[in-house]
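The residues making up each chain are set out below.
Protein chains: 2
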Amino acid sequence: MMLRSLSVFPRLHPPFNPTRTFSTFRIQSMLTSELSDVEVSSLRANKERLAKDLHHSCQWGYGIRWGDNPTDTGMQRLALSEEDKSVRDWFIQTTKELKCNVTVDQMGNIFAVRPGRRADVPATFIGSHLDTQPTGGRYDGILGVLAGIEVLKTMNDMGLETKGGVGVVNWTNEEGARFPVSMISSGVWAECISLEHAHGLKEVPTVASLPTAASAPETMKSALQKINYLGETPCSYKSSPMAAHFELHIEQGPHLVSAGQRIGVVTAVQAYRWFRLNIIGRDTHTGTTAFEHRADALYAFARMMVRAREVAASKGCLASVGIVEAKPGSVNTVPGLVSFSLDIRGPETELVAKVEEELRADFDAIAAAEGAGIGKPCRVEWTLDFDSPAVIFHQDCIDCVQESADAVVSDAPVADTKSLVRPIMSGAGHDSVFTSKRVPTSMIFIPCKDGLSHHPEEFSTADDCATGVSVILQAVVRYDRKRFA
Amino acid sequence: MMLRSLSVFPRLHPPFNPTRTFSTFRIQSMLTSELSDVEVSSLRANKERLAKDLHHSCQWGYGIRWGDNPTDTGMQRLALSEEDKSVRDWFIQTTKELKCNVTVDQMGNIFAVRPGRRADVPATFIGSHLDTQPTGGRYDGILGVLAGIEVLKTMNDMGLETKGGVGVVNWTNEEGARFPVSMISSGVWAECISLEHAHGLKEVPTVASLPTAASAPETMKSALQKINYLGETPCSYKSSPMAAHFELHIEQGPHLVSAGQRIGVVTAVQAYRWFRLNIIGRDTHTGTTAFEHRADALYAFARMMVRAREVAASKGCLASVGIVEAKPGSVNTVPGLVSFSLDIRGPETELVAKVEEELRADFDAIAAAEGAGIGKPCRVEWTLDFDSPAVIFHQDCIDCVQESADAVVSDAPVADTKSLVRPIMSGAGHDSVFTSKRVPTSMIFIPCKDGLSHHPEEFSTADDCATGVSVILQAVVRYDRKRFA
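For the protein sequence lines, the chains are A and B, in the order given. If you use the UniProt record's numbering, the first sequence corresponds to residues 1 to 485, in order. If you use the UniProt record's numbering, the second sequence corresponds to residues 1 to 485, in order.
Bound-form chain A, shown alone (with noise of 0.2 angstroms):
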């Protein structure tokens, strides 16, 4: 009988004949709950499918070669470019030929939501985003956003569905690489920013590819415009709520690769505090001006990034500079004024705060020391841009993607397959840090090369990638379950 009921459930891995599945099911179309527990164990996406799907979606912005595949290039999709609208119109055209009903709000957060048979309880929910780094690759986001796709296609060839409606969410500028606050536009839904802010916030100049970002730098809201991606509907969880948020990315790191792992459930992700510093200094002649007689401002970041390693790794923390700016940027002229981004990160929230207290008397000491000899020393100004605490994901969603893991895993070629499933720490941000303070959250991370990340080369296998999909299927499909169970 269970083997009966399998064979109607095939295992969706090549060959894979989407025709005979799909007919199944319009003759016998299924509820969610109405599956047995082996039959949503063994649910799986469309390798082939999700691949070809992903890699079409990287025409628009593609970036650096690195190999001789016709898919091995980096990604640079800026948030709200002319490549990120042509992404978005493919999403929208493509989740509204599968039946889903599309909005965009303010922030252009665009909800598509595949319709269950209640209509009065909101959709769990598959988000990520589409935007990249300058010089990100083609899973980071990307993979999280497809894998919403995958899933309701392959819920769609099966006729299967579910009781609360199921929704894919691109989230805006999650990268905060063209608009230097990460994950933004989750953090307005969850009305942790403030629209305002968000909508008045300045593209970073260094971002060269874009022409307009020196010399008349859109602000968010004007970006918007710019591509028709302001919408009307009010962007809150109020307005677009979600039962709950699942996420699909790439680890960005090397524990699961090193170790041979195929899924890492997240439990939890680390805190971090993201700053703007400015040294100010005095300009003066190079040629002519004693080391004793400079307030060399470039002197002193150079010192203090020295500083900020050393402290951070004492406390098993992460602090990083991304952006850096000399001013007046003259071969012959000691630069007076120097700009730059720190982004100090921990396990712990008060692991961060004690980073940040240590590093903030270190570099007074550091701008006090240049510029001492001639009375004018060097002074250094904090800005705090963003603060995420350490999050604890919800463990009904954890539950959830466990569980899956271990069934998705179960008939890899190994003694023990649920070696092959760890709980993990997301190191990096992400726009389920925002939805998990509104609603149930949690993430899965598969594998990446190298632990490379915010990189051309950046690269998950298909195999991995369609596991990682397969995983998020049955964890909404679960959810689904749970929650009216």
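Hints should not be assumed to be uniformly reliable.
It does not matter which identical chain is used: a pair holds within one copy or between any two.
Using 25 angstroms as the maximum straight-line C-alpha spacing, the simulated PhoX-like pairs for lysine-lysine come out as follows [to be verified]:
#1 327 / 449
#2 153 / 52
#3 163 / 354
#4 52 / 315
#5 482 / 418
#6 315 / 354
#7 376 / 449
#8 327 / 202
#9 163 / 153
#10 99 / 238
#11 354 / 221
#12 153 / 202
#13 221 / 315
#14 153 / 96
No lab work stands behind these hints: they were computed from the structure.
Put chain B on the given structure of chain A with help from the hints.
Chain B in isolation, oriented as in the chain A frame:
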């Protein structure tokens, strides 16, 4: 008799009556060789007129305000900008009104020559530059050109004729701030730099005030054409010959002002080398990449800059970074590429070479350490942009300046007026470095406040400026007398 002659050569201190002096000489025009030594020593510039002309010329491209007086601003007059065009037009109009023949060469260098008695010999030149740093002041370069104008005005007022002509030259892009090779146009004139290389040089993108710089950088040639200063005269000491080149400049260092001295007789210019360096690491995610998994090009840069100061200081040299760019320039991406400028200077050519040699080894070691953990260490590339060996100026010119300086300060209210004059070495490069390779050359320094330069608050008193111009006036007269003695 001598006293009567002196009444013919009134010390041109305020109150100065140009009409009377002028009319005196209209009756009895006089050649430099006909002056007595005491008469030469009594020659003075007009302090008020000099100050008025200098600040008048600073209306084009005035920069950051730092005080309440109308002239309390810095300068931002980048080479071949619209502001530079305006002051060039003024320079040509002014020198033509002073009866000069004006030519413009292929680098936009402007030569204004007041003819002497003999048309068959080259003129003795006074020269410097009208361009400034992006956050420069009102004296660096500008004083040197205005000194030439004031010398011509004084000579015209007095009806003083020279045997060889007297010229004033404005050299293009001395600062190297917009087009990143300093003294490039005197370098082409001296045939030490090729015209093709100079014409092809692109503007620095970090000079943010120029909107073209980031998107479509001008070359020197296109910039010359744009403001109509691409002259037809070949840029060469053969086509625009000089008998000698004298340059008046602020010290840009603290020695004169600290010692209360009035004039520096510049005997030499320290050696320097300018490099562009690239550090190639690997872009990765700041939140998920442990320090030992990074090849952080910016962290390597920070260590290199700290090391550069240590090594330079140990050898009595200077090492400075004025420009730094980190790519891709995103808060949460570890920069995989950093480019920066390195300016090494020292009193001897060999010392600069030793600093370079040591830094090449140290930088390689720093790069090798960063990323070693992943087997993909950073690497560093050096490009030499500019090499200026130490220069010794011409003894004839130095002698003229020394005698003139001693004469000009002789009426100061101190016991030992000669103590107000000192021999000095230039820390900065100047166009005189290149002219010295082809014709007898030397320089004159005056004190500047706090030794500060390449800064909006760069300042010299009107008295000190006039003292300097009086010295260069006498030096040109003495040189004219010597060469035809």
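Here is what the structure says about each hint:
no. : hint      : in the structure
1   : 327 / 449 : between (38 angstroms within a copy, 22 angstroms between copies)
2   : 153 / 52  : within (13 angstroms within a copy, 79 angstroms between copies)
3   : 163 / 354 : neither (47 angstroms within a copy, 77 angstroms between copies)
4   : 52 / 315  : neither (43 angstroms within a copy, 62 angstroms between copies)
5   : 482 / 418 : within (23 angstroms within a copy, 97 angstroms between copies)
6   : 315 / 354 : within (8 angstroms within a copy, 39 angstroms between copies)
7   : 376 / 449 : between (49 angstroms within a copy, 14 angstroms between copies)
8   : 327 / 202 : both (20 angstroms within a copy, 19 angstroms between copies)
9   : 163 / 153 : within (17 angstroms within a copy, 94 angstroms between copies)
10  : 99 / 238  : within (23 angstroms within a copy, 81 angstroms between copies)
11  : 354 / 221 : neither (36 angstroms within a copy, 55 angstroms between copies)
12  : 153 / 202 : neither (37 angstroms within a copy, 53 angstroms between copies)
13  : 221 / 315 : neither (39 angstroms within a copy, 55 angstroms between copies)
14  : 153 / 96  : within (12 angstroms within a copy, 81 angstroms between copies)
Consistency with the previously given hints fails for numbers 3, 4, 11, 12, 13, ordered from lowest to highest.
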